Amino acid sequence: MFGLQNPTKFLKFAKLVGPWLAGSTILLIGSGLWFGLFNSPADYQQGETVRIMYIHVPSAWMGMFAYSVMAIASAIALVWKHPVADHLARGSAPLGAAFTLICLVSGALWGKPMWGTWWVWDARLTSMLILFFLYLGYMALAGAFDDPERGAKASAILAVVGWINVPIIKFSVDWWNTLHQPASVTKTAMPSIDPAMLLPLLLMGVGFTTFYATLLLWRVRAEILATRIRNIRLAQIHAEGA
Amino acid sequence: MTPRKKRRLMMLLAGLVFLGGAAALVLTAFQDNIVFFHSPTDLKTKQVGAKQRLRIGGLVEDGSVKKDESGKTIHFKVTDLTNSVDVSFTGILPDLFREGQGVVAEGHFANGLFTATDVLAKHDENYMPPEVAEALKKSGQWKDGSGKAGKEPNK
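Chains as they are written, first to last, in my numbering: chain A, 1 to 242; chain B, 1 to 155.
These are computed hints drawn from the structure, not numbers from a lab. Being a predicted model, the structure only gives us computed values, none of them experimental. Heads up, the beta-carbon is just placed ideally off N, CA and C, and yes, glycines get one too. Don't take each hint at face value.
What the hints assert, rightly or not - If you want the footprint, here are the derived chain A segments under chain B, 3+ residues with CB under 8 Å:
1) 73-84
2) 158-172
3) 215-225
All chains should be modelled from the sequences, with the hints used to inform the complete structure.
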């Protein structure tokens with residue numbers, strides 16, 4: 001893909017694109033927070049509590065998006081053995097886990113005043129918790145082998161298999177009765193959310209995406225450099241032994 | 001694509017197809033356990049034991065909310081606009097509880113009366129400022145169960 005599977009080209013690309021992504025993240029999240037916290041209306045039922053949505057919903061999107069990136073990169077790593085795909089999957093996991101945790105915590109904080117409970121075992125909440133555990137399992141498995149390549153292969157299979165959970169999360173509110181409300185933004189009809197509330201939500205959504213992309217590029221860059229250092233050290237040991 | 005890569009890709013795709021099929025079968029089989037609540041219409045066809053705990057969900061029927069003399073126990077009807085169930089509940093209701101609001105009640109049936117131990121408010125997917133909600137009610141475009149324009153939320 002555009003030669004980006006080549007680590008050297010990827011490093012060049014990251015250097016070029018990284019600052020732009022970081023800059024747009026500051027602008028997008030900054031303006032999103034300003035609109036969301038100070039310049040958007042309170043909800044007719046929820047009052048000011050609705051503002052939790054501007055953090056909760058984008059982090060839920062990113063939790064699923066980061067997992068999809070991880071699964072696709074893992075599939076590419078399994079079939080084509082591109083080293084960068086492997087780094088992408090590994091780098092995406094802790095970011096996605098963090099977004100998922102933010103989603104779960106902010107959702108509980110919203111649920112207590114609105115539903116009357118911090119947590120229920122409905123399909124949406126439970127499948128989101130499973131996503132969080134999949135991330136933790138992936139990270140544990142990837143680090144459980146002395147040989148990083150074997151760890152990469154085992155965890156890549158877990159990532160691809162676990163991807164089945166992503167559509168289950170998305171459609172859980174349509175397939176089953178849940179306490180969680182169905183989708184507002186991705187309805188086929190008009191989004192059932194007021195434009196004044198949709199604006200900060202979308203700003204935050206795009207901002208979270210560029211934030212994720214910025215951190216991912218950083219992590220992959222660090223992983224590529226770490227691999228190079230390891231290879232140089234191994235070569236030195238071999239040279240000394242000879 | 002080299003033959004080895006092609007074989008790995010095919011194995012991966014076949015694996016995904018089988019996995020998807022397995023997941024679909026499991027989820028269909030557990031359908032009844034995954035649903036968070038049953039609607040009053042579901043309950044017509046479902047056998048429920050006397051002490052069996054379950055959750056029912058629907059809208060609080062308009063004009064059905066009554067407190068008993070002590071003021072601690074509240075009676076209301078949960079409706080899906082076709083059938084309804086009588087519910088009694090002793091405890092603190094969530095802030096969003098009102099007539100026309102979606103709720104989920106957990107408890108068991110005793111002599112046709114559903115005795116709830118927990119009542120949760122269900123929020124819908126509509127988000128709007130109070131002025132817009134007001135305007136929609138005035139123009140008669142308000143569509144959920146609280147229905148009719150100009151109705152007071154609590155009597």
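Each hint tested on the structure:
no. : hint    : in the structure
1   : 73-84   : holds (count 4)
2   : 158-172 : holds (count 4)
3   : 215-225 : violated (count 0)
Hint check: a violation occurs at hint 3 only; the rest are consistent with the structure.
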